[in-house]
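Colleague: Residue numbers (the working numbering), protein chains in the order written: chain W, 1 to 176; chain V, 1 to 115.
Because the hints were derived from the structure by calculation, they are not lab data.
Ideal Cβ positions, reconstructed from N, Cα and C, are used throughout, including at glycine.
If a hint is listed, it holds; no wrong ones were tucked in.
Simulated restraints on C-beta separations:
1) V:R100 to W:Q101: 24 to 30 angstroms
2) V:V80 to W:I23: 20 to 26 angstroms
3) V:L113 to W:L15: 48 to 54 angstroms
4) W:D134 to V:V107: 43 to 49 angstroms
5) V:V80 to W:L85: 25 to 31 angstroms
6) V:L113 to W:G73: 34 to 40 angstroms
7) V:L110 to W:N87: 14 to 20 angstroms
8) W:G22 to V:L113: 37 to 43 angstroms
9) V:Q103 to W:F81: 15 to 21 angstroms
10) W:P123 to V:R100: 47 to 53 angstroms
Here chain W is said to cover these stretches of chain V; the calculated rule only asks that three of the stretch's residues, wherever they fall, bring their Cβ under 8 angstroms from a Cβ of chain W:
11) 45 to 52
12) 82 to 94
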Amino acid sequence: MNGALPAIEITPSLLMVVALAGIAALAAVGVIAFNNPIRSALCLVVNFFMLAALYFTLNAEMIGVTQVVVYTGAIMVLFLFVIMLLNLGAPIVKPEAKEPQTLVGLLLGVVLFGVVGSQLLPPLLSVVKVGAADNYGSPEALGRTLFTQYMFPFEAVSILLLIGVVGSIMLAKRRI
Amino acid sequence: MNGVPIALYLGLGLFMFTIGVVGVVIRRNPIVIFMCIELMLNAVNLTFVTFARYQMSPVPAGGMARESSMMAGQMMVTFVMAVAAAEVAVGLGIMMAIFRLRQNIDVDELNILRG
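Excised from the complex, chain V in its bound form (with noise of 0.2 angstroms):
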């Protein structure tokens, strides 16, 4: 798509990571929480794409080839979210399990580690 400005992408980026942080601190629900985890890991995968769409920079960073500077935003995004799937099934076997031992997972219940 051309004519499309790049600060509309990065704007939607910025806006979606900030209301990942919001919900991260007003929300109890940690379910919600993972949610607006997984929200900011997006925003910061739209800004990859849109940096690796518009490629400002002249010069390739760091020496690279122009070929492999090209792909590395998408290389990035792709792996973010290969650990963001595992990061995901580790979190909500977490979640599984201390609702077995508690029948509660609001996190402001959960304070057996304070000291």
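In isolation and in its complexed conformation, chain W is listed as follows (with noise of 0.2 angstroms):
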């Protein structure tokens, strides 16, 4: 990029869409950053709802309301039975303590973070005109593709979700 910063409008959507993104930003640092895998899972619901209103923002309707229904539905309810089933309380899971790896790992988002950030995201600060039409993510336009051009990926992935039924359920079954 050359020189100054692209002069960027305040405008209410661009508040809304930074007052968003902010919370999900926090939630996803609560989730690793609780000791608790309860509160971690909770962080995580606040962050795929907030997820969700970004989706809405983008006008990708119906990938917003799937995201609700699927992640925040069913994925994190299942762990939350799971977190309950498994009584992770503090016995389990001795208490965190202060590491070496922490301190890594630390230093690899750091790193990982700033040199994507630092390479990908300048030229793209200017970028603000929307290319797609404003009705591309409605369910009609979605569904009209998926059920005609990716018919066979669709089914593709009905038969993992059926593989990844049965395979869960052995797994878990005490006796088989």
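From these two lone chains plus the hints, build me the complex, please.
Modeller: Structure follows, in structure tokens:
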């Protein structure tokens, strides 16, 4: 990039997206900061809701609704059930002490964020023009493409989910 | 929403992915590690939807028709969600099985494969 940052106009929609993104980022930090897995799971729920709202701001309504139904509805309930079944209190997992791996991990994160961010984000700072039609994320558009062009992957995913169901029952059953 | 720079969404995606990587490295509770993997998958999903919305390249990649290049990102997100659901079901099943075997799921204690 050459010289100064491009001037970004402060609009209400920009402020709203910044607020949603800020809450999502805070919740993401909470997932790894809390020692209690229940708190991590609840932070993850907040993060997923904020992501769904961000999908709505991107006009991807169908993806946003799917995010709420699949992630916060199904996956997080599964997480909470397993935490409850394993009764993951203090005695099973030892309190995580200060270790060199914490420091190394944080350093790795800073380096990853710094390298990728400094290389990829500056050229994109000035891109504000949306290219897709406003209804590109409607259920109609998504369903039409899914059931015509992506029919084979759709069927493959259904088989994968069936195998996943059978496999998880096999694994979790006491005696087969 | 107009007037929002693409870098905001991509920055959030990068931040969430980084947090996921750090969490996988520093946490020892396998359930939290799983949550961090979900965080990374969601970061990638956000990036897919962002690029699908902004459609920066004037000519669609790979000679795809305009219509289908418009939908490719969202299709990918749909399939990532489905695969993530299957992955979580199987992964948590494995965790239950390990817990039944060892009464302990700290990843540092699971060293029976050590030679």
